[in-house]
Each structure stands twice: as structure tokens, then as C-alpha cells.
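J.: What follows is the residue order along each chain.
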Amino acid sequence: MLTTNPQLTADKKLRHLLTIDGLPKAIIENILDTAAQFVSVGDREVKKVPLLRGKSVFNLFFENSTRTRTTFEIAAKRLSADVINLNIGASSTAKGESLIDTIDNLIAMDADMFVVRHAQSGAPHLIAKHTNLVRPGVAVVNAGDGRHAHPTQGLLDMYTIRHYKKSFHNLSVAIVGDILHSRVARSGIHALTTLGCPDVRVVGPKTLIPTECERMGVSVHHDMKRGIEGCDVVMMLRLQNERMEGPLLPSAQEFYKSFGLTAEKLARAKPDAIVMHPGPMNRGVEIESRIADGAQAVILPQVTFGIAVRMAVMSIVAGGGAA
Amino acid sequence: MQLDAEQLIDVLAEKIGATDEGTVVVGIHSGGAWIAERLATRLGRALGGSIAVTLHRDDFAHRGLHPQKQSTALDFSVDGSDVLLVDDVLESGRTVRAALNELFDFGRPKRVRLAVLIDRAGRELPIEAQFVAMTLPLDPNQALDLTRADGHLRFEILPR
Numbered sequence: 001m002l003t004t005n006p007q008l009t010a011d012k013k014l015r016h017l018l019t020i021d022g023l024p025k026a027i028i029e030n031i032l033d034t035a036a037q038f039v040s041v042g043d044r045e046v047k048k049v050p051l052l053r054g055k056s057v058f059n060l061f062f063e064n065s066t067r068t069r070t071t072f073e074i075a076a077k078r079l080s081a082d083v084i085n086l087n088i089g090a091s092s093t094a095k096g097e098s099l100i101d102t103i104d105n106l107i108a109m110d111a112d113m114f115v116v117r118h119a120q121s122g123a124p125h126l127i128a129k130h131t132n133l134v135r136p137g138v139a140v141v142n143a144g145d146g147r148h149a150h151p152t153q154g155l156l157d158m159y160t161i162r163h164y165k166k167s168f169h170n171l172s173v174a175i176v177g178d179i180l181h182s183r184v185a186r187s188g189i190h191a192l193t194t195l196g197c198p199d200v201r202v203v204g205p206k207t208l209i210p211t212e213c214e215r216m217g218v219s220v221h222h223d224m225k226r227g228i229e230g231c232d233v234v235m236m237l238r239l240q241n242e243r244m245e246g247p248l249l250p251s252a253q254e255f256y257k258s259f260g261l262t263a264e265k266l267a268r269a270k271p272d273a274i275v276m277h278p279g280p281m282n283r284g285v286e287i288e289s290r291i292a293d294g295a296q297a298v299i300l301p302q303v304t305f306g307i308a309v310r311m312a313v314m315s316i317v318a319g320g321g322a323a
Numbered sequence: 001m002q003l004d005a006e007q008l009i010d011v012l013a014e015k016i017g018a019t020d021e022g023t024v025v026v027g028i029h030s031g032g033a034w035i036a037e038r039l040a041t042r043l044g045r046a047l048g049g050s051i052a053v054t055l056h057r058d059d060f061a062h063r064g065l066h067p068q069k070q071s072t073a074l075d076f077s078v079d080g081s082d083v084l085l086v087d088d089v090l091e092s093g094r095t096v097r098a099a100l101n102e103l104f105d106f107g108r109p110k111r112v113r114l115a116v117l118i119d120r121a122g123r124e125l126p127i128e129a130q131f132v133a134m135t136l137p138l139d140p141n142q143a144l145d146l147t148r149a150d151g152h153l154r155f156e157i158l159p160r
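As you go down the protein sequences, you meet chains A and B in turn. For the first sequence, our numbering gives the first residue as 1, with consecutive numbering after it. For the second sequence, our numbering gives the first residue as 1, with consecutive numbering after it.
Keep in mind that the hints were calculated from the coordinates and are not lab data. Ideal Cβ positions, reconstructed from N, Cα and C, are used throughout, including at glycine. Heads up, a few of these hints could be off.
[Claimed, not checked] With the Cβ distance kept under 8 Å, some of the chain B side facing chain A (calculated, not the full set):
1) PHE60
2) PRO67
3) LYS69
4) ASP105
Could you put together the complete structure from these sequences and hints?
T.: Rendered as C-alpha cells:
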């Protein structure tokens, strides 16, 4: 399904953002550098720049997500785009319209960009291939597809790590929790290895770590204390109850005991380690409340940086990948 | 061909002459920012920071986003300020237009004046500088680049 890479132009520029997998280091670094320019826009009296003035951005969320949709909407509005939010679940698709028909209709309404969240892995790829064919220049940004990828989350995580740790060399990063169902984990692993992070660890119960992990160049740990020993960054993941099929876990309490981030476990990481979480948090399941609200947590800055990173991605793909 | 930009900065400072005490010197990134630093010292006035115009450029639709790590950094309150905006070369006027838009995103200055080292003709917008060190009409296919080597500023005239 994902054999071709429709997200790059012939001269290797970004025209859609579908996945971090296979994205050249230079493009990732350019997105992070561009985002740095946009971070300060939030502090201005006029929190808007005119780059996407006159462009229409369609938020197509086939799956719910308040935070991601809101930050994409804010990002597009700060770039002066017109934003149209479509509640797909309640509209055409429910009436039986196919995905491609929906897209063709929106292209007929002169859409310039689609921000797509879909439960099916590969849906944004399908849309991007289609727009490349029928209306090149219409950009697609993946806002999370199935278990596959969530590239803007991966990029905002990289922005956050770079902001606090300056560089990826000599960093130890532990990704903890439900790796199996997590597109956040997959995007994060690809980004970290591309940016030259030498020590990426995944930590979780055997049932929630896919076998392909070791091929992705990371080390696998089933004992959390050992897994986060001496690390600089602890990336917690959400326990995805709604994606669980069958009994992969005994209980939330048991998970917390083994893999919840408590003060006691965090003491194994470096004293200046930062704690990240993509949200929404399950307090008392993945993370202890006082850690989530503690001095090492950078969970809310992640949200703020997410807006700047999404502004960077949208302005780069809208400009035909230049920059 | 080369031109000594340091001498031109002296000329520019002389032409500007006496300034009001509250005048804030602001450079347009990158060449204008180098000149603003020196000019602020010569004039004995505060350096207010620098403006990056990337986000307000008018060629985004056909050229996309320009790669630039630098962003606007202003460390004074723009509202009610008296700004002396500085750039190295004035040609089409488009950069100055973008810089004014960027500046106004931070507040409403009381007055903005423009000082440039070289006015090379070729205006595409109704924008003029109040202070010009040198007028040098160049052919559109000639580029005028400000370079900094060993802390010394020089202009080079190259084919475009």
C-alpha cells in the first residue's frame, strides 16, 4: 500500500506531510527551524502572519480529536487561512459517499489543503495520491492515521526535545507504554533515529510492543526501572483503551504498577530528565498526578510548540515544499 | 567591484545628524541589522533589535517560504516609538513594505524613518528613504551584495 512516496516532489521537497518514515534529515530540521520562527508569533500583539491569506484549509477529522483539531485550526488561522471544519462522521460518509468522492467535492470547492485524521492507516496517502493526480498543488497533512503515523506529533515532540536538550547527540530517550497501538511512538522513533539520537528505548509489556521494534533500531525493555535508567527524556504514551482488541492487559491498576510513571521510577532517569506526554493523559494509569504537574513535565509546552510546528508544516507544503 | 560599507556608514551617520533622544535604531535582517548595530553606536541611540521579513514577503505564492533561521527580535515597546529603520540597499521597496508590516504586528509606532546605505533605483512601490549615504543606479542584472569578512563590511557588485 505504501510503496510509493507521494509526499515528496521529484526534487525531494515536501509537498504533503504523510509520515516521518523516509523523510530526509534536512527536511525535518528545516521544519523545526521554521517552527522556531513561528513560536514568537504567539507573543505578538497581532498573532497572525499573512502567508496563507486567501487559502482554504479543510480539517477532515474522520476520527475524533479535540486537541489536534484545535491546534491545527489555530495554526491555520495564525497563518491567515480560512479554516473549514468538517464533521465527517455526521455527514456524507454516513450517507454512503466514498472517501474519494468526498475529496473531489471539496476540491471542487477550491480547497487548497486537507488536514486528515482517519482511523484507517494509509487514508491520507490515498488522498495525497489522488490530489497529485487530479489537482497537484492541493496539499495533504496527516493528522493521524490508524496505527500508522502522526507526523506532526512526532515533529512537535522533536521540537520540544531540541528546545530543552539543544541537540540529539548523546541523548537517551525512553518511550514508555502502549507502543503497539501508538502512531505517536512510531513517528517519534523514526524522527529520533533520523536526527541522530544514539539511544532510543521502548519500554512496555511484551503484549504492547510490536516485534518490528528491534528492526527500527531501538532497544526493547520490559522492566521500566531499567528501561528509563539514566535517560534524558521520558516520553509517556496514552493507554489506548479504545484500540485494544481482546485481553492484552490484565487491568489499568496492574499497568500503573509496572509501567506508570511514578516519582519513584522517575528517580532512575537523569535528575534533569524531561517528561513528555502527547495527551490526553490518564492520570493514575500512565502517569502519577504529581509527576504530570511537576517541574520535570513539559506536557503543556508540547501543546504550545505544536501550534508553531503545525504552522511550519502548513506553510512549507502550501509553498510547494520550498524553504 | 567593491565598495567600503564602513565609510558609507560614516556618511550616513553624518547625514542623519542630530536625532531625538528616544530614537530607536532597528535593522532589517541580515545586512541592515549589521549596519544598525554600527549606526546606533555612531548616533548614540538605542539599538532596538532586528526585523526578519520572511513572514511578510509577497513572493510566497510562487517561491514558497524562504529558509531563514532568524526571526524578528525587538526589545522595546513599539507603541508610540520613534523608529529609524535601517537597510543596506533600497531597490524595489518590497522588503521595506514587508518590514513595515512586520513592525506593525508588534504595535503602532509614532514615526518610522528609513535610512539606507545605497539607493540603487528600480523602485516598484512608492517608498523612499529619508537618509541615503550614496545613490548608485545599477543595471537590473547587477547584484549588490553586502558581505562581512573579519568584521569589516563591504559591498560587492556581481552579475545577477
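J.: Next step is simple, just say for each hint if it's right about the structure.
T.: Hint-by-hint comparison with the structure:
1. PHE60: Check passed: Cβ of B/PHE60 comes within 5 Å of chain A, closer than 8 Å.
2. PRO67: holds, 5 Å
3. LYS69: holds, 5 Å
4. ASP105: Cβ of B/ASP105 sits 4 Å from chain A, so the hint holds.
Checked against the numbered hints given earlier, the structure satisfies every one of them.
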